[in-house]
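Sequences listed follow chains A and B, in order. Count along the first sequence from 1, add 331, and you get the number used in the working numbering. Count along the second sequence from 1, add 803, and you get the number used in the working numbering.
Simulated from the structure, these hints should not be mistaken for laboratory data. Computed from a predicted structure; not experimentally measured. Just so it is clear, CB atoms sit at the ideal spot from N, CA and C, and this is done for glycine as well. Keep in mind that a hint or two might mislead.
As the list claims (entries may be wrong) - Partial chain A-side listing against chain B, Cβ under 8 angstroms, derived:
(1) G664
(2) P675
(3) L815
Unchecked claim - Residues of chain B clear of chain A, computed beta-carbon distances all greater than 10 angstroms:
(4) P846
(5) R856
(6) R865
(7) A878
(8) G915
(9) L977
(10) T981
(11) E996
(12) K1024
(13) A1072
(14) T1110
(15) D1125
Unchecked claim - Just the calculated beta-carbon pair ranges, DEER-fashion:
(16) B:A1096 with A:P682: 50 to 60 angstroms
(17) A:L380 with B:D913: 46 to 56 angstroms
(18) A:R618 with B:A959: 48 to 58 angstroms
(19) B:D913 with A:P791: 35 to 45 angstroms
(20) A:L697 with B:A1096: 51 to 61 angstroms
(21) A:G748 with B:D1125: 48 to 58 angstroms
(22) A:D790 with B:A1096: 42 to 52 angstroms
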Amino acid sequence: MFDGLIQGLATALQPSVLIYSLFGVFLGTFVGVLPGIGAMATISLLLPLTYYISPEAALVMLAGVYYGSQYGGAVASILLRLPGTPQSAVTSLDGYPMARDGRAGLALFTSMLSSFLGSMLGIVVLVMLAGWLAELATKFGAADYAAMMILGLVAASTVGTGNPAKSLAMVVLGLILGCIGTDVNSGVQRLTFGWAELMDGINLVALAMGLFGVSEVIANIRKADRHGPPTKVRFLQMLPTRQELRTIIPPALRGTAIGSFFGALPGTGSTISSFLSYALERRISRRPERFGHGAIEGVAAPEAANNSAAITAFVPTLTLGIPGDPIMALMLGALIIHGIQPGPMMLEARPDMFWGLVVSFGIGNLFLLILNLPLIGIWVSMLRIPFRWLYPAILIFVCLGVYSVRGSTFDLIMVAGIGAVGYLMALARFNPALLLLGFVLGPLIEVNLRRAMLISRGDPMVFLERPIAAVFIIAAAALILLSLWQAVRRGSR
Amino acid sequence: MTHPFNRRHMLLAGAALAMAAATGSATAQSWPTAPVHIIVGFPAGSSPDTLARLVAEPLAARLGQPVVVENKAGAGGVIGVQQMLLAKDGHTFGATINGPLTTSPRLIKDIGYDVAADITGIALTATSPLVLAVSADNAASTLQDFIAAAKADPGAMTYGSVGQGSGAHLSMELFLDTAGLEMLHVPFTSYAEVTTSIMGAEIDAGFMAPSAAMGHVQAGKMKMLGITSAEPFPQVPDVPVIAGQDGMPADYRAELWNAFIAPAGTDPAVIERLNTEINAILADPTVQERMLAMGWKAEGGSAADLTDRIAADTAVWGRVLDRIAGKQ
């Protein structure tokens, strides 16, 4: 491994590779900040250009865009409740209240620090446990995925604050919206009303941007002449106190553990890990009522989780040639364009490529931290722009971003419609984060549950016979019982 | 002071008018008069997209106009075809896989186009066969073993595909039907999932693209028992052809393909021009090598060949779909 790291350094420190890496992370931060425009669109646009540069430089740049966008995603989430990426929607739950209290600088610093910690530890996990995680990923069957997602849904349904009936309604609505599209098992069109545009389901970016971005813009129309809370950030002021640092680090570490695990499992993704780490913090907190009102842990945990997930997502991609999400599939495409066959043989055939990429992650993240800390002041000063200028600009970026996903005007109409509904939901105090959670987890649970039942030929015992699945199911049952017991005890007092 | 460019402007406008009024063949001689758009129904970086771009780049040089590849992804490539048909400017064409031209009209109600009436072929770009892949731990190491094991316990074995009505699904159903076997179909959404599931011994087998299986075969995690092309495939020359083996008919063939298409009613001279240029590009050894590295064999041929291929495949897969519908 030591030889590998040396070889990786030699690759990653080549001037041309270094420059492309820095360009990638800078671009990534930038598109991450812009609502809607994300890593996916940027990487697709850059992909044809990589024909003309070396494969090392190409991969390092594209990867930089990917993990760089995770840093940037939190910025608009915290300042304006406009998540730059779907993953950072969770960060807005506590980051935005912090910003409204005039603690924007601290919230941004927390998010940068947690992102950095998550990424760096994610790299350690990638180096130390890549082989083991890859092995684990192939052992995960449909029943195990289904059981794990059920545990996730149970655990994360406590994300919301307030009325439990309203929370449940949002999760269920999310599950229903997740049903739209072609049913994987039967090929039947569900709730598509004959529109080919709905056959692949609702576009996640359109849903997230409509619920969080457009609805927030509508909510602020009446305040067009105002601007955000006046916050002046001096570098020393945004640094956390020792006490605050102590509340940032442990959640960030737990978030990293969750993110590293989910990132390495193909098909689960970083959105889920941000939700779960947030839910975990809320559950183990001694004062869960602070969540949703500016709890610093609510920023630290999901940001560490989505950044570590972005790094460990490379485990199945590089060690098995199995992409965990569409962005990883694009990365594989970039390798294939350059004549490198991704897969289990890549580490042997092109160790320079593998280790070069790993080392570049470290360099890139260091650069992201150095780049982003001074930028915090600039981002916060964005709040001084009057809303009548800021919000139209944001709407333009949202439209660009949603359109860039698949070049569909249908999605633009969707994002406007979802935004209007999202505004009404906000008026009635429904939590859109729970809708997003149901939408992301629902299809994963359904498809894996039905696949497991299909393979077991209808025998539900498969969920208890497989050890991995059994652990998750028992944990989910225990969690439900615990919640019920707590509710009963509270009721009897 | 009169504007010095007025006269030239008028001349230019006159020339444009004359061009617009010219006959079909004159249009073809001056064609293309604007950038050419190629709509791909899959996202950037996917194999249909990469294949289209490999051709689009040299095509621009040959036509003397920019060739812009536009991605309109969704519904298994159907949206790309629909979008191509919406543009009626004589400069917009499509690059698609076989599905939207052969099986999708059967699977999707109200698809919005009639392949025979609305679409004209330009040229077949490339074909890819599928390999029958099993886990390295599978007891079968030849196609004969596999068929024997499936016959011994009908319906007990399972196979994965990338979805209902996908090439991987229909090719396996055709194989099972021809060999007289019965296996349980487990639909997934990507080859990545099928591969993981085969390696984790959750399902027994699957038809997949040779390039998706190759790495795992080299790593000793998978075996390829047979291939669906008529001849051995250059990317995996050692894998035996299924046709003619163990009672399989000699004409058994199941291939995925990519092609350039145009809206029906496009000037035949324009189709002819594009066909000639694309064939010349596909004959270039560097283009062939790059396609082969992705698992695709460069093809080419006349526009009429493509039309025949569409009709023949629609008939073959239509029969397979009928049989599947009959079983349910």
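Going down the list of hints, with the structure as the test:
1. G664: 4 angstroms, holds
2. P675: 4 angstroms, holds
3. L815: 34 angstroms, violated
4. P846: Its Cβ does come within 10 angstroms of chain A, the nearest being 6 angstroms, so this is violated.
5. R856: Given that some Cβ of chain A is not farther than 10 angstroms from that of R856 of chain B, nearest at about 6 angstroms, it is violated.
6. R865: 18 angstroms, holds
7. A878: At roughly 4 angstroms from the nearest Cβ of chain A, A878 of chain B sits no farther out than 10 angstroms, so the non-interface label is violated.
8. G915: 7 angstroms, violated
9. L977: Label holds. Min Cβ-Cβ 17 angstroms, cutoff 10 angstroms.
10. T981: 22 angstroms, holds
11. E996: 7 angstroms, violated
12. K1024: Per Cβ check, K1024 of chain B is inside 10 angstroms of chain A; nearest 7 angstroms; violated.
13. A1072: Consistent with the label, A1072 of chain B stays out of reach of chain A, its closest Cβ about 30 angstroms off (over 10 angstroms).
14. T1110: 24 angstroms, holds
15. D1125: Non-interface label on D1125 of chain B holds, nearest chain A Cβ at 15 angstroms vs cutoff 10 angstroms.
16. B:A1096 with A:P682: 50 to 60 angstroms: 20 angstroms, violated
17. A:L380 with B:D913: 46 to 56 angstroms: 39 angstroms, violated
18. A:R618 with B:A959: 48 to 58 angstroms: Given about 56 angstroms between the Cβ atoms, the range holds.
19. B:D913 with A:P791: 35 to 45 angstroms: Since D913 of chain B and P791 of chain A have Cβ atoms about 37 angstroms apart, the given range 35 to 45 angstroms holds.
20. A:L697 with B:A1096: 51 to 61 angstroms: 35 angstroms, violated
21. A:G748 with B:D1125: 48 to 58 angstroms: For D1125 of chain B against G748 of chain A, whose Cβ atoms are near 39 angstroms apart, the range 48 to 58 angstroms is violated.
22. A:D790 with B:A1096: 42 to 52 angstroms: 44 angstroms Cβ-Cβ, so the 42 to 52 angstroms window holds.
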